[in-house]
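Visitor: So you can see what is in the structure, the chains are spelled out below.
2 protein chains.
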Amino acid sequence: MGRVVIDVMPKPEILDPQGKAVAGALARLGFDGFAGARQGKRFELEVEGEVDDAMLAKAREAAETLLANLVIEDVVSVRAATEVPA
Amino acid sequence: MGRVVIDVMPKPEILDPQGKAVAGALARLGFDGFAGARQGKRFELEVEGEVDDAMLAKAREAAETLLANLVIEDVVSVRAATEVPA
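Protein chains in written order, with the working numbering: chain Z, 4 to 89; chain H, 4 to 89.
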């Protein structure tokens, strides 16, 4: 079993009220040094078998078809899950 | 200006209805080969200045305080944004 990680973010030019809310809350909670925030979605797809190029291409197609609204969002990354350092 | 990327996912043992819905929709749309799906959140925080260890520690604290509900979610990654290959 492999895993594919897909990151979807709002397009830069799109107003991101959620990101604005996060940035405001960070400041109110005393976390200074943050100039802005954007919030998107992260998907982990479990894959039967190994993650090869064909599977990554299928995952990208699935992301662009189902997981992202391409009018307002971009699929910024489609990759095999490796243990991203915490 | 630097950027910190924070990934938040539902805890593995927590029921993930959104993930179930995604997995079901993938199958219905003919994307076979996917055994399951989980959906979480991805944040990009704009940072004044460079992203150093102190800033990453502050971002992790902000994530655990504000961006994740630690009862049902885990902060799975806090890292300086590098151009993740699309």
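Simulated from the structure, these hints should not be mistaken for lab results. One or more hints might be untrue.
Treat identical chains as interchangeable: a pair holds within one or across any two.
Stated by the list, open to error - Okay, derived cross-link-like pairs now, DSS-like style, lysine-lysine, Cα gap no bigger than 30 Å in a straight line:
#	residue 1	residue 2
1	Lys61	Lys14
2	Lys23	Lys44
3	Lys61	Lys23
Visitor: Is the C-alpha distance from lysine 61 to lysine 14 at most 30 Å within one copy, between copies, in both cases, or in neither?
Guide: both (22 Å within a copy, 26 Å between copies)
Visitor: Are the CA atoms of lysine 61 and lysine 23 at most 30 Å apart within a copy, between copies, both, or neither?
Guide: between (33 Å within a copy, 19 Å between copies)
Visitor: Is it within, between, both, or neither for lysine 23 and lysine 44, if the alpha carbons may be no more than 30 Å apart?
Guide: Both: 16 Å inside a chain and 15 Å across chains, each within 30 Å.
Of the hints listed earlier, there is not a single one the structure fails to meet.
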